[in-house]
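Take 7 as the starting number for the sequence shown in this note's numbering and just add one per residue.
Just so you know, not all the hints are guaranteed correct.
Unchecked claim - Pair by pair, the computed Cβ-Cβ distance ranges are:
| no. | residue 1 | residue 2 | range |
| --- | --- | --- | --- |
| 1 | GLN63 | LEU21 | 16 to 26 Å |
| 2 | THR44 | LYS24 | 38 to 48 Å |
| 3 | GLU111 | SER83 | 38 to 48 Å |
| 4 | LYS20 | ILE47 | 10 to 20 Å |
| 5 | ILE23 | GLY46 | 21 to 31 Å |
| 6 | GLY45 | GLU114 | 29 to 39 Å |
| 7 | GLU85 | GLY35 | 43 to 53 Å |
| 8 | VAL76 | HIS106 | 10 to 20 Å |
Hints in this document: simulated from the structure, not taken from any laboratory. From the three backbone atoms N, C-alpha and C, an ideal C-beta is built for every residue, glycine too.
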Amino acid sequence: MHGTLRPVTSAADKLPIKMLSDRLLVRVGRDDGERRSTGGILIPATAQMAKRLVWAQVVALGPSVRSAEVDDRVLFSPEDRFEVEVQGEDLIMLRERDIHAVAAERIEASTGLYL
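My request is simple: use the sequences and hints to build the entire structure.
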C-alpha cells in the first residue's frame, strides 16, 4: 500500500553490546539532578557548582574493571563523561580511572562513611 509508513529500524538497533577494556556504563539517578539546600531552596540541575561530583549506578562494565560491579554506585566528575543512548535510555560511559569512589553493600565499612 502506498500511503502506509512503517518505522525504519536497522539490525544495529537490536544488537547485543559488549563492554570493552576498563569502561563502565552508568545511569545517573533522577535525584542527582535537582537538589535542595539545607534551607529548603530548590537548586536546578543546570546550576553551576564548582567541581561537584555525581553518584551513578553501574549498568554494565568491561572485563578489565576491577574496582566496581554491576549495581554498585560510583562517584565521578560530570566533566569526565561521555553520554550515550541505549534502547532509548540516556546513559554515561566512563573509564575506571575516572571513578573517585565505589559504594556497595559488599564493601567493608573501613572509612566510617555511609550514603
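Right, here's what the structure says about each hint:
no. : hint                       : result
1   : GLN63 - LEU21: 16 to 26 Å  : holds (23 Å)
2   : THR44 - LYS24: 38 to 48 Å  : holds (44 Å)
3   : GLU111 - SER83: 38 to 48 Å : violated (25 Å)
4   : LYS20 - ILE47: 10 to 20 Å  : violated (45 Å)
5   : ILE23 - GLY46: 21 to 31 Å  : violated (42 Å)
6   : GLY45 - GLU114: 29 to 39 Å : holds (36 Å)
7   : GLU85 - GLY35: 43 to 53 Å  : violated (19 Å)
8   : VAL76 - HIS106: 10 to 20 Å : holds (19 Å)
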